[in-house]
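S.K.: Heads up: the sequence lines are chains A and B, in that order. Sequential numbering of the first sequence, starting at 1, is according to the working numbering. Sequential numbering of the second sequence, starting at 1, is according to the working numbering.
Not one of these hints is a red herring.
Here are the simulated SDA-like cross-link-like pairs (lysine to any residue), alpha carbons at most 25 Å apart as the crow flies:
1. A:Lys263 x A:His341
2. A:Lys263 x B:Pro239
3. A:Lys263 x A:Gln103
4. A:Lys111 x A:Ala99
5. B:Lys111 x A:Leu358
6. B:Lys111 x B:Pro155
If you're looking for bench data, these hints aren't it; they were derived computationally from the structure. Bear in mind that the values here come from a model prediction, so they are computed numbers and not experimental data.
2 protein chains.
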Amino acid sequence: MRKAHPLHLRLLWLLRDEGPLSRAELADRLQIPRPRLLAELERLVALGYVAEAGLAKSRGGRRSTLVELDPRLRFAAVDMGASSIDVEVVNGRLEPVAAYAEQADIRSGPKATLHRVNELLHKARADGAYERLDAIGVGVPGPVSFRDGVPVSPPIMPGWDRFPVRELLTREHGCPAVVDNDVNIMAIGERHGGVAHSVDDFLFVKIGTGIGCGIFLGGEVYRGSDGCAGDIGHIQAEPHGPVCSCGNVGCLEALFSGAALAKDATAAARSGTSPALAERLAARGRVTALDVAEGAGEGDVTCIQLIREGGRRLGGVLAGLVSFANPSMIVIGGGLAQLGHILLAEIRSVVYRRSLPLATGNLPVVLSELGPRAGVAGAAVLASDVAFLEAS
Amino acid sequence: MRKAHPLHLRLLWLLRDEGPLSRAELADRLQIPRPRLLAELERLVALGYVAEAGLAKSRGGRRSTLVELDPRLRFAAVDMGASSIDVEVVNGRLEPVAAYAEQADIRSGPKATLHRVNELLHKARADGAYERLDAIGVGVPGPVSFRDGVPVSPPIMPGWDRFPVRELLTREHGCPAVVDNDVNIMAIGERHGGVAHSVDDFLFVKIGTGIGCGIFLGGEVYRGSDGCAGDIGHIQAEPHGPVCSCGNVGCLEALFSGAALAKDATAAARSGTSPALAERLAARGRVTALDVAEGAGEGDVTCIQLIREGGRRLGGVLAGLVSFANPSMIVIGGGLAQLGHILLAEIRSVVYRRSLPLATGNLPVVLSELGPRAGVAGAAVLASDVAFLEAS
Numbered sequence: 001m002r003k004a005h006p007l008h009l010r011l012l013w014l015l016r017d018e019g020p021l022s023r024a025e026l027a028d029r030l031q032i033p034r035p036r037l038l039a040e041l042e043r044l045v046a047l048g049y050v051a052e053a054g055l056a057k058s059r060g061g062r063r064s065t066l067v068e069l070d071p072r073l074r075f076a077a078v079d080m081g082a083s084s085i086d087v088e089v090v091n092g093r094l095e096p097v098a099a100y101a102e103q104a105d106i107r108s109g110p111k112a113t114l115h116r117v118n119e120l121l122h123k124a125r126a127d128g129a130y131e132r133l134d135a136i137g138v139g140v141p142g143p144v145s146f147r148d149g150v151p152v153s154p155p156i157m158p159g160w161d162r163f164p165v166r167e168l169l170t171r172e173h174g175c176p177a178v179v180d181n182d183v184n185i186m187a188i189g190e191r192h193g194g195v196a197h198s199v200d201d202f203l204f205v206k207i208g209t210g211i212g213c214g215i216f217l218g219g220e221v222y223r224g225s226d227g228c229a230g231d232i233g234h235i236q237a238e239p240h241g242p243v244c245s246c247g248n249v250g251c252l253e254a255l256f257s258g259a260a261l262a263k264d265a266t267a268a269a270r271s272g273t274s275p276a277l278a279e280r281l282a283a284r285g286r287v288t289a290l291d292v293a294e295g296a297g298e299g300d301v302t303c304i305q306l307i308r309e310g311g312r313r314l315g316g317v318l319a320g321l322v323s324f325a326n327p328s329m330i331v332i333g334g335g336l337a338q339l340g341h342i343l344l345a346e347i348r349s350v351v352y353r354r355s356l357p358l359a360t361g362n363l364p365v366v367l368s369e370l371g372p373r374a375g376v377a378g379a380a381v382l383a384s385d386v387a388f389l390e391a392s
Numbered sequence: 001m002r003k004a005h006p007l008h009l010r011l012l013w014l015l016r017d018e019g020p021l022s023r024a025e026l027a028d029r030l031q032i033p034r035p036r037l038l039a040e041l042e043r044l045v046a047l048g049y050v051a052e053a054g055l056a057k058s059r060g061g062r063r064s065t066l067v068e069l070d071p072r073l074r075f076a077a078v079d080m081g082a083s084s085i086d087v088e089v090v091n092g093r094l095e096p097v098a099a100y101a102e103q104a105d106i107r108s109g110p111k112a113t114l115h116r117v118n119e120l121l122h123k124a125r126a127d128g129a130y131e132r133l134d135a136i137g138v139g140v141p142g143p144v145s146f147r148d149g150v151p152v153s154p155p156i157m158p159g160w161d162r163f164p165v166r167e168l169l170t171r172e173h174g175c176p177a178v179v180d181n182d183v184n185i186m187a188i189g190e191r192h193g194g195v196a197h198s199v200d201d202f203l204f205v206k207i208g209t210g211i212g213c214g215i216f217l218g219g220e221v222y223r224g225s226d227g228c229a230g231d232i233g234h235i236q237a238e239p240h241g242p243v244c245s246c247g248n249v250g251c252l253e254a255l256f257s258g259a260a261l262a263k264d265a266t267a268a269a270r271s272g273t274s275p276a277l278a279e280r281l282a283a284r285g286r287v288t289a290l291d292v293a294e295g296a297g298e299g300d301v302t303c304i305q306l307i308r309e310g311g312r313r314l315g316g317v318l319a320g321l322v323s324f325a326n327p328s329m330i331v332i333g334g335g336l337a338q339l340g341h342i343l344l345a346e347i348r349s350v351v352y353r354r355s356l357p358l359a360t361g362n363l364p365v366v367l368s369e370l371g372p373r374a375g376v377a378g379a380a381v382l383a384s385d386v387a388f389l390e391a392s
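Can you build the whole structure from these sequences, using the hints too?
M.R.: Okay, here's the thing in structure tokens:
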């Protein structure tokens, strides 16, 4: 929490992240004189952000009264994936009040998809999760102009280019909305309540159907000059590799991702080199990346080999990014994080071997702690930030 | 210039970068009330940072008096290369008052090298360039702990590891000193007075004996969590490439740098594929990267081919960094920038083809404007920053 941020934001963040506090604690933590704090609190109570929260536990002497975020604050967190929608309604402390998940194909376009999101949010209200929303945070699986609140040329989201997602949600629900890339919101979630808690410079690598990277530098999400930083799935990992869906040769994503791994697993099942995969292919007619994870767990040599090979590819790209950005942590998340410790070990081995000792001397490479909840958790953080900013 | 920076810093920066200004202009530009400005100016005059500068040109009405940086302010800028020392003494506006350049082998160790630096600075004083120095900025050709002011495990600087460069200079000259990586100071120079003027997010790629990258993000140098960000010379550019001096395989630097190009040029001269290089080898007994530049200028096909091949390698690595960091400009500097437009064209071709259209739609790839002066220019900026910070 930087001193440069406005007082009301620092105050609301404290109450969000630490819960009810006494006025004395607040003045102390924010390093401001008590009269200034009291004036600010009065303002925030009038605006409906802050409320009295009863008496603190006695520490001898007069018991002080606590303040907390207004218990009626509600934020909606929406994580749209390629084939799923996750929605949570949370209170001011970002604790879930209601949660919904369903299958949905992002390719059905913005109108149909946002209609489902709206229906889920209206259902949450009917279920008593909120009376009115204070802000909505949304993640989408593609590049976003954060400033404009619109997707920009998203490769797997036909029909969404420049669609006014933020504007539509704001109009429907009468509250501010904020739209970001799905990987950025996962990184935000992981920094707020996960393994990267309070880490200022880290990379969050999402390995799912594709591969992307959320970047935290100096305690802030770094989005790049056009908002598309972190597009690491199309970094060339092998000059003579396969042709990628983007048209280029040897992209990381074409060599290692959910889609690439499913393809390699299917080939291994058919060729008979992997009993574990052949069994699953026979039973279900298809194999996916998760079958490779299961097979590796059973000790299937080919499955282990596939994961190691993938880890080596990803590790090669990450080694370059470590040399470039010198982060202090790498977090691996997304569906394929389930490949677990075999994957981590391989990534570590390549990164530690290839990057400067100074950069890797103290560089944890770890799995996401929030797992599939990272996205909604980050969307909730973003929503609260945009709501709090309005309290100026 | 961010509003979050302290007033005295913003004021001194304005006078440094724009020269004498009237009090009215200053109050206006800094958006502060006149009494606050006058108090601050009085304080800075007493400290010896600011002085009266006579009357402004008449614009009708009463002529206002100007203030400027104290004309006695002097900063020393030192750029140590692998085989050279450049020293400039500049005034508060960073205009050179004296300049010295000489050959020096950084491998002769810190004591001998810094002894030469001190001798040059004492000579500058004897020459009348200054009475006392207000700060010294230094660049060294290796990784630096910016916070501690010491080189850290610098590969081409034997004996310099953790040597207290900053402390020694501070003690010798009785003023604050600041030590940074040579590529960072070049990037700082280029942003202050070169092609990247006022660009907030850009990469400065130095191609010399080795390859390194200075990174500006959000208007600040980004140094990474251990201060070694930008070490791109050892990113793998070719999985089956040659072994690098660092022990790894296929590093960019092993494929394209001053040293690599000299080796390829020598081979081309010996094999007879390049008349231009063969002629130079016969005349001088050796060929360097600059011979390749000259040969290309004369239309020698092999020389052009060598530059294009190098540009392709570098472009491949930069394409990955553009996907990751989404900068708004790439500046090519260092000795090999003399390879010029053939090199730029090849880099552009690879970067524009391989990175997201959103990231490359408006991404100039340009040559350094300051050329060999970029380093001292940036060291002077750093020195003034550290001196101004002390005025708090």
